[in-house]
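Given the structure of chain A, go ahead and fit chain B onto it with the hints provided.
Which chain is which? The protein sequence lines are A and B, in order.
2 is the number of the first residue of the first sequence in the working numbering; add one for each residue after it.
2 is the number of the first residue of the second sequence in the working numbering; add one for each residue after it.
It is worth saying that the hints were derived from the structure and are not from the lab.
For each residue, glycine too, the CB sits at the ideal point set by N, CA and C.
Any given hint might turn out to be false.
Said to hold, decoys possible - To spell it out: a stretch of chain B is covered by chain A in this simulated footprint if at least three of its residues, at any positions, have a beta carbon under 8 angstroms from a beta carbon of chain A; those stretches are: (1) 2 to 16; (2) 33 to 41; (3) 412 to 424.
Said to hold, decoys possible - Pairs of lysine to aspartate or glutamate, EDC-like flavour, derived with a Cα cap of 20 angstroms: (4) A/Lys43 <-> A/Asp86; (5) B/Lys617 <-> B/Glu533; (6) A/Lys75 <-> B/Glu275; (7) A/Lys75 <-> B/Asp347; (8) B/Lys552 <-> B/Glu533; (9) A/Lys92 <-> A/Glu80; (10) A/Lys75 <-> B/Asp351; (11) A/Lys43 <-> A/Glu80; (12) B/Lys552 <-> B/Glu540; (13) A/Lys43 <-> B/Asp347; (14) A/Lys75 <-> A/Asp86; (15) A/Lys43 <-> B/Glu275.
Read off the chains here:
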Amino acid sequence: MSILLLLLPVLVVAVLLPPLFRRGPEVGVEREDRIAALRERKRALLAAIRELDFDREMGKLSEADHEAERERMKREAAEILSAIDREEARKHA
Amino acid sequence: MNELGSLALITLYPVTLFGAAASFLGGRNRRKGLVAAGERSLVVSFLLLTLSVLSLVALFLRDGFSNAYVANHSNIDLPIFYKVTALWAGQEGSLLFWNWLLSLYGIAVLWSNRNRNRDLMPYVTAILLISAFFFTNMNLLAANPFRPLVMDHAGTPIPYAPPDGRGLNPLLQHPAMVVHPPVLYLGFVGFVVPFAFALAALWTRAPGVGWLLATRRWTLFAWLFLSGGILLGARWAYVELGWGGYWAWDPVENASLMPWLTGTALLHSVIIQEKRGMLKVWNAVLVVTTYLLCVFGTFLTRSGIVSSVHAFAQSPVGHYFVAFLALGVAFSFGLIWVRRDYLRSDATLDSILSRESSFFFNNLIFLVACFAVLWGTLFPVLSEAVRGEQISVGPPYFNRINVPIGLFLLFLTGFAPLLAWRRTSWPNLRRSFAWPAALMLAAGIVLFLLAVRARYALICFSLSVFVATTIVMEFHRGGRVRRRQLGESWPRALANLFLRNPRRYGGYVVHFGVVLLFVGFAGSSFNRSRAEELSPGGEMAIGGYTLRVEKLEEGETPNYDFARARVALERGGRPVGVYHPERRFYFASEQPSTEVEIHSTVREDIYLVYASTGEKGGAVIQVYRNPLVLWVWVGGLVFVLGGLICLVPTRREGSPAPKTSESEGGAP
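Looking at chain B on its own, in the form it has when it is part of the complex:
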């Protein structure tokens, strides 16, 4: 299996190069044969990478410890489930998996464009194959997952297969970690599609916004997976890392947030290009920046230049990433510069009080947020380069900068959709905003009277009421129009709003998810925690709850041993549940791990950690009271649901259209 996987990778190397060259030349000289050879190369790349991936998975399942990667990330007693997912547990395997996903996207793009965008496809294929070449290069030269394990025998390296492997990192032995990396990678890698189409359109000076419309769904798809990946990562951090939080502004978390910020900006600004033919340069820059930030984020994770709980070890792959990024930046931005005449706007801004200007403003804020995160993430590296010592800025910096930015974006989430395209008159604005503003004010006053004094939390809750009201009003007004025009019932009118314009109304659902997320984020202003050593019968109180340790137990499984506490939780004298926080020690990797227990309600989470065994032989229980965390997870689900609605194809030609005064008019 080792040889087969390795040979597939080696064969892939010339295939990607050949395919990229054939595609480019075929597109340039309009040679059918070359274009077909390039497209076949993409298919062959996918098959070869599938062979490599399956070979590595087979090695894991067969405990092939003669392979260094398998020996370092698995052991005999590891559950089969985790043996399969150990594929992406380390540097080499995850890069191979990334490359495989890239080729999977390639196949999907090839298939969906077999009869469309034929002028662009040779260049799209070439760019996808160049990306694949870059990752193959790294997999062969710097992070080979098929490297045999060798031991030094009197100066001679000889193949060696240990009786058991070193095991999988305990932190990765969690269901969320099974799903989180593929989902996140699907997001990261997915942005290669709009990137490839944008460069192809620039290169060929493709007419109109065809490329933008062709990639709209791909961009949304990638963004949705990136969002899902970030949320799953937060969930994993919350339930697995045992520090009571879900976001720590860790460099690797930031690495996924940066392309998400620019990708979100892009999703808004492409609408302006579609509708008004404006912001073409801006969109081209955003497409390129988003994909390169995805690669940059991977570079941060892989190269070891910043330290993080999630990062892979120090590795030579950093040089390859730097080279790829430098070439990517130079070529992409160079092309945008050379084609600036092609990117001239078709229209100009009519009014500052319009949907276009508010979207553009939201774009600027997203970019400012991205830059703030980038600056804070790279500050340790920059400070070391300038002053010779690493200075980390930490969560206080990120919160100080990003909390006001986030609140402003929350305001725009409610403000922008109420504006009309081109211009909004003041009377219309007053009519649209009267209710949301009044309810926002009322909510602020009520919360203040209820002794909510945390400034940002108070603003956040009030703004959430404002945005939620604007969303409800949008649905109400839209439904009312359909009822008036078409005589539909309320449920039918609301359902048709989604069906006739899924992007707009799915977008509102996403915005509602954002509101719920922000309510959850604001809850962290009121977090409390305490830790105590408790023996059986010992009690501790926090935020109206009392927890009592009923029993301490120890045990062993083939994979780890554990110390566990049985904790009864009460609120106001009434029992609310029994929980079992646990501390484990994994034999193969010789690493400890905590298994937290969480009592979760709409109001708050009580988060229990078996921190350690105390000096008196009791359990040191760390307990956190985290208000409104459930709102984050529910908000995340609503957010993803909204994104999925946006992906639903619009009902248009061929589907029954509502009766209107003119053929092309009427309700969307």
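Chain A on its own, in the form it takes in the complex:
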């Protein structure tokens, strides 16, 4: 038991210290996160459009309100798709 007690802090230090000697920055992390955020937003928006259509079918909102909101969402989705394309192009540049 006493050997184990002595070994525990040594073991912890041996596990924690090696990564500190790794060199180099995290590459491309920010861009990957930005692309992932845009993709998440795109998925959420597509789900929202589906739900909007469903609400119209259920009779919860008028044709005019549905069209106006759908147009707005589609515009936003198109902007997001362009943003994803731009980020992807920069990534591969």
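What follows is chain B alone, placed relative to chain A:
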């Protein structure tokens, strides 16, 4: 084992500090090595805490009474089952267990984000490790579970191991108490995940709603456990405390209710941010408030500043909690203030008659309810500070304030989901509400004619009919759309409603659970009770039931002795069952306890308590007739089931989509 557990805790102390600093610096300076060292610290923290927890459990199993915590919460004859769960029976062990759960969440977050949110993760890791540091600090300095038992020998403390321990509190020797604390803690601790992500997103000005989507499931998970923990606590109070009720507005009950109220508000308002990009500041405030209320609730339970049947003894941990809360409030709200430009809304409210506004309104009501509970809970402390005497407000205050608020929330539960996003026109509103309103009115009239005169109960039952109708209509209309669009059968259409949009339809199941819960709550308006000393052959009547004591017996087990009555229960002359209410006296802890018996039906509970042995040698039997209590437990199960459905991943890309006129449109 004592040394090993203790050393693991001591080693944990610098590990959490080192890890937090490495993560923060690694994130700020984008150094891979530092970030990796921080993440390893989280893994090492989990391993060290696991070692500590296992050491303490081993001490319990081996009756290691040289450890003060074990000696105070166990004894040789305690069943093994309870020896393991005695881990969280007291202050020191439960704080260690809390810290272990925190590290478990840390590991899960680390694993699930190994390839995602890499920009946020260093800060998330740092916040999780700072929280772990705080609890480790308390475990080492104020509530050490590995403190050896010492006795004073001529002014010199010497280690001491008594032949037997003082035993586990009898109230905790119940199966519900085995499950209730871990479930509740999983809820409390779980809110650290959205808290950490929110602060990380604010710090880094993370783009979009990525952090919100990344934590949506964690928030729901924590909220579900918190809900389950509260329900299990209510069940435990009902079957174990022997006072005939399940909720007493006790400070510790309130401590779990407050973060639940803000957490529920958060679950609704994040939907608005996801869909409309609104309420960003509000959501940030709710995330922070919910987690800090979890810590505050723990502070209430641990510090001894309020007296409660559930609270731990007066303890110095209060100072540590106050320091942590003060720093948490200052840093979190300071960061929200500094980043207010980042939290600007993308849209504005189009109409007061919209889903957004009704959700926002429901949020305000939840916050009012939370504040009312907070005020009532802290009133004894505030009155002592101002007037020098502790004044408790008690259940009448809480009921007076919260019953109308609860009824209003029940109304919104039915009202809000029928509204469309952005705006709802009056004709649509009339069409949606005609049936629910008509049935609500009809139910109210029928109940009134059936002589239901309790005002709030009458409103509650009527509103329950309203909400249940709106839910049924939602399923019916949704199913009809799928049938029309896709030609599905009714069972398939309903199943697909859940699969294509589990959050929305699981949410309706949660709402239906809420309806059942409220029906159960309203039943308490008609509670009756009476007590009588009965000898064998003695009878007592209550609410159409007759109970007869057939036999009184006494006995002893290694853990306790008992006095028990054999009670035959009849209704209208027909036997409905034989019950054995019991009173126990636990040897090790020298504490009495009651084991109640309950005859439970859909209509009512007959709740039997062996209150005491009477002056004539008979049993004093306290009997309660509690209408509709079963609805609370069934409602709780439906509620949890709905929450679990919400956690099911949505079927989307890669899964067969229904045919629609446009690629992204159609049924959810």
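Verification of the supplied hints:
Counting residues of the stretch 2 to 16 of chain B whose C-beta sits closer than 8 angstroms to any C-beta of chain A gives 6, which meets the bar of three, so the coverage hint holds. Look at the stretch 33 to 41 of chain B against chain A: 7 of its residues bring a Cβ nearer than 8 angstroms to a Cβ of that chain, three or more, so the hint holds. Counting residues of the stretch 412 to 424 of chain B whose beta carbon lies closer than 8 angstroms to any beta carbon of chain A gives 6, which reaches the threshold of three, so the coverage claim holds. Taking the CA atoms of A/Lys43 and A/Asp86, the gap is about 12 angstroms. The hint holds against a cut of 20 angstroms.
A threshold of 20 angstroms between alpha carbons decides the hint, and for B/Lys617 with B/Glu533 the separation of about 12 angstroms falls inside it, so the pair holds. Between A/Lys75 and B/Glu275 the CA atoms are separated by roughly 16 angstroms; this keeps the pair inside 20 angstroms, and the hint holds. Taking the CA atoms of A/Lys75 and B/Asp347, the gap is about 16 angstroms. The hint holds against a cut of 20 angstroms. Note on B/Lys552 and B/Glu533: the hinted pairing holds, with a Cα-Cα distance of about 15 angstroms set against a maximum of 20 angstroms.
Annotation: proposed proximity of A/Lys92 to A/Glu80 holds, straight-line Cα distance about 18 angstroms (limit 20 angstroms). Proposed proximity of A/Lys75 and B/Asp351 is supported: the alpha carbons are some 18 angstroms apart, at most 20 angstroms. A C-alpha spacing of about 10 angstroms is found between A/Lys43 and A/Glu80, which places the hinted pair at or below 20 angstroms, so the restraint holds. Between the alpha carbons of B/Lys552 and B/Glu540 the distance comes to roughly 12 angstroms, so the proposed pair stays at or under 20 angstroms and holds.
The suggested pairing of A/Lys43 with B/Asp347 holds, with an alpha-carbon distance near 16 angstroms, which does not exceed 20 angstroms. The suggested pairing of A/Lys75 with A/Asp86 holds, with an alpha-carbon distance near 16 angstroms, which does not exceed 20 angstroms. For the hint linking A/Lys43 to B/Glu275, the alpha-carbon distance of about 11 angstroms falls within 20 angstroms, and the restraint holds.
When held up to the earlier numbered hints, the structure conflicts with none and fits them all.
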